[in-house]
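Chemist: These are the residues of each chain, in order.
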Amino acid sequence: MSETFKPNFDNNEQEPKNEAERNVYGKEKFSPEVAKEHVESLVADFKNHYSLLGYREEPPVQISSGVDPTVRFIGSHISVFKPYLGEGNVPTPGIFMRQNCLRTRNADKLLDDDYFPNWGSYFPSIGAITPPERLNEACSETFDFFEKRLAISPENILIRINSADTDLIDACKQRYGEDNLEIDSRKPEYYRHNIGMEGVRGKNFNIALRNPNTKGFADIGNIILLEDAEKQLGVEIALGSTTILKQLYGLNHVQDCTPVIGLNVKNETIRRKFEDAIITSAVLYREGLRPFGQNNRNRILKQYVRSLSYFRAKSGIGIEALSRIISNFEKREFPESTGQTADVVIEFVKAFENELLVKKNLTDDDKKIKESLELLT
Amino acid sequence: MNYNIEFKNIIKPKRIKRGDHIRVIAPVKSLKFMSDQSRKEAIAQLEKFGFKLSFGKHVDEIDEFNSSSIESRIEDLHDAFADKKVDAILTVIGGYNSNQLLQYIDYELIAQNPKILCGFSDVTALANAITTKTGMITYIGPHFSSWAMKYGFEYSLENFVKCCMEEIAFDLLSSKEWSDDPWYIDQEKREFIPNDGYWILNPGHAFGRVVGGNLCTFKLLCGTDFTPNMEDSILLLEDDSESLPHHFDREFQSLIHQADFSGVRGVLIGRFQKETKMIKELLRKIISTKKELQNIPIIANVDFGHTTPIATMPIGGSLEISSTIDDAKIRIIEH
Chain G
1 MSETFKPNFD
11 NNEQEPKNEA
21 ERNVYGKEKF
31 SPEVAKEHVE
41 SLVADFKNHY
51 SLLGYREEPP
61 VQISSGVDPT
71 VRFIGSHISV
81 FKPYLGEGNV
91 PTPGIFMRQN
101 CLRTRNADKL
111 LDDDYFPNWG
121 SYFPSIGAIT
131 PPERLNEACS
141 ETFDFFEKRL
151 AISPENILIR
161 INSADTDLID
171 ACKQRYGEDN
181 LEIDSRKPEY
191 YRHNIGMEGV
201 RGKNFNIALR
211 NPNTKGFADI
221 GNIILLEDAE
231 KQLGVEIALG
241 STTILKQLYG
251 LNHVQDCTPV
261 IGLNVKNETI
271 RRKFEDAIIT
281 SAVLYREGLR
291 PFGQNNRNRI
301 LKQYVRSLSY
311 FRAKSGIGIE
321 ALSRIISNFE
331 KREFPESTGQ
341 TADVVIEFVK
351 AFENELLVKK
361 NLTDDDKKIK
371 ESLELLT
Chain V
1001 MNYNIEFKNI
1011 IKPKRIKRGD
1021 HIRVIAPVKS
1031 LKFMSDQSRK
1041 EAIAQLEKFG
1051 FKLSFGKHVD
1061 EIDEFNSSSI
1071 ESRIEDLHDA
1081 FADKKVDAIL
1091 TVIGGYNSNQ
1101 LLQYIDYELI
1111 AQNPKILCGF
1121 SDVTALANAI
1131 TTKTGMITYI
1141 GPHFSSWAMK
1151 YGFEYSLENF
1161 VKCCMEEIAF
1171 DLLSSKEWSD
1181 DPWYIDQEKR
1191 EFIPNDGYWI
1201 LNPGHAFGRV
1211 VGGNLCTFKL
1221 LCGTDFTPNM
1231 EDSILLLEDD
1241 SESLPHHFDR
1251 EFQSLIHQAD
1261 FSGVRGVLIG
1271 RFQKETKMIK
1281 ELLRKIISTK
1291 KELQNIPIIA
1301 NVDFGHTTPI
1311 ATMPIGGSLE
1321 ISSTIDDAKI
1331 RIIEH
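Note that the protein sequences, when read in sequence, are chains G and V. Read in order, the letters of the first sequence correspond to residues 1 to 377 in this note's numbering. Read in order, the letters of the second sequence correspond to residues 1001 to 1335 in this note's numbering.
Do not take every clue at face value.
Unchecked claim - With beta-carbon atoms standing in for the labels, derived distance ranges:
hint, chain 1, residue 1, chain 2, residue 2, range
1, G, GLY86, V, LEU1109, 26 to 34 Å
2, G, PRO83, V, LYS1084, 25 to 33 Å
3, G, ASN328, V, LEU1109, 31 to 39 Å
4, G, ILE261, V, ASP1225, 39 to 47 Å
5, G, ASP114, V, LYS1084, 53 to 61 Å
If you're looking for bench data, these hints aren't it; they were derived computationally from the structure. Just so it is clear, CB atoms sit at the ideal spot from N, CA and C, and this is done for glycine as well.
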């Protein structure tokens, strides 16, 4: 593997106007038009890195596939890796994957005007697992990914680790000195993982990258040693592609990696939640999920779809304009798509709005959406 | 219980277009049940419209029930889905026994090879079971045999095109006239009756996933793994000339007793055949006896069922009903 850093995104980037605009990583914010290319480049770098190390690629699953019954939606690639852990049979040197994920922590607060979502619900996750005896190699390989593939200097990398996890500390110390280790700065639970497998627990350290324009560091992933009462099961490497890009390019928000172009809303809180609702609705509709029924997945999708009416009302956006925005998002983010998602989402939005006009027993959320729509008209 | 099962994600079959290859299969009655003349006319109509046709290996087998063996019917069904050269599937005609097939169907094969499957009446069992097991939208609409109709087929064709060949949502309008004569016996002796439009039995708004079809066939699925979840559903109901008002009443009542019927958001009732002697006021009376129906929109005299023409309705698709006491709109959203 070449030790020389090759800039990953040169084809997509404009030259910075001057050096002062470059951040600590030598980069500047990218435009929404090239965001997808940046994400895909990072994912490709990750895949190439682990592929060259001999890891095998695992195919992704649908977010709403239900392959992991312990979660409503796939929120991490560990859901796909679990069968290997259950069999105690993680292949050597390991497997890696890109898995689109959804974490719906924003769903219940979409209509809360005071709630600002620091995270988008949807994100492409990149991760790998390797047998537990390869802990040291796994750490080294991951650090190589940051230092050699992404050309991040060691002084911009911070390891947040628990002093009790001496095996993890030893693995990190093979590469980094005290300056790179932040020991016991967080509550104990920060260093522990539960992956929804009975009897399986994980101890982790987190990897953080320096904030590009301010002091401090922000977490972008972690390495987790998974074990049960009797034995160690595997080492998971879990990285957030959008969190990495946010740090490297100094983005305002992780959702700038999956931008919804044309959504010109001044109120940042409304805009981010509106974006989140559009992205999540489009992603789940493409998978064939629909907001019917009382089961969890359908009900959660319904929360996102219904919020589109609230946000469009709050933003003064007409139904046709919203249709165009969703359609453009779909074409940009999922160019392989047939382009029908926007039409169906909009038909559902219209049907829900029609329902509000005649429905007798409105919930508080219904009333809030209806009142906002009445102000729009 | 089935009503606790989550909806499968929707699989929408690709649209068909002129020049596409349609496979005709006989999962209920045999093709031999049709007259040679009707068969020729159906083939001519479909080919004139631009489709290429092929037939299942066993469509001409016929037994003492005017059908064929389960094995033969299953083989033809599987072949039609598995054959990559086949774009859509039409059933020959109805009958009584498509539910014999349900436990032998390879639903994974169908999910992996989604394509339009269209027919009505007894095909209700097949269509709803496939949608339940796979999430794939199936279609209650013209059989292969329906295409033999020389006069009065325009509405059926127009709505088949909208539902199976086009992408966009559309409003389902009433036909201008309808007929209940045995057209397959004498194509020249037809009687067309002006349509008095939708019968609005309960006004209101509803929006949901489409389930149902032929009432007595749909009811055969109750209590089985093949019955669709009725949560947030729009229920289609129709029956043939054998279903007199009191039959319809008791069958509908038994459906209402299903545990998940409370999830039904609206009901569309297909036009009754003349022989049933069902009239608007009688139907209104039947509906009014059922408290479970009081707060949901119910529209009857819709163009599906055993009169002609018939619309094509997407089982597993989505549909919106918006109705006041004197105006009803039915919008087929996803199909």
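Chemist: Need the list of violated hint numbers for this structure, in ascending order.
Modeler: Going through the list in order, the structure violates no hint and respects every one.
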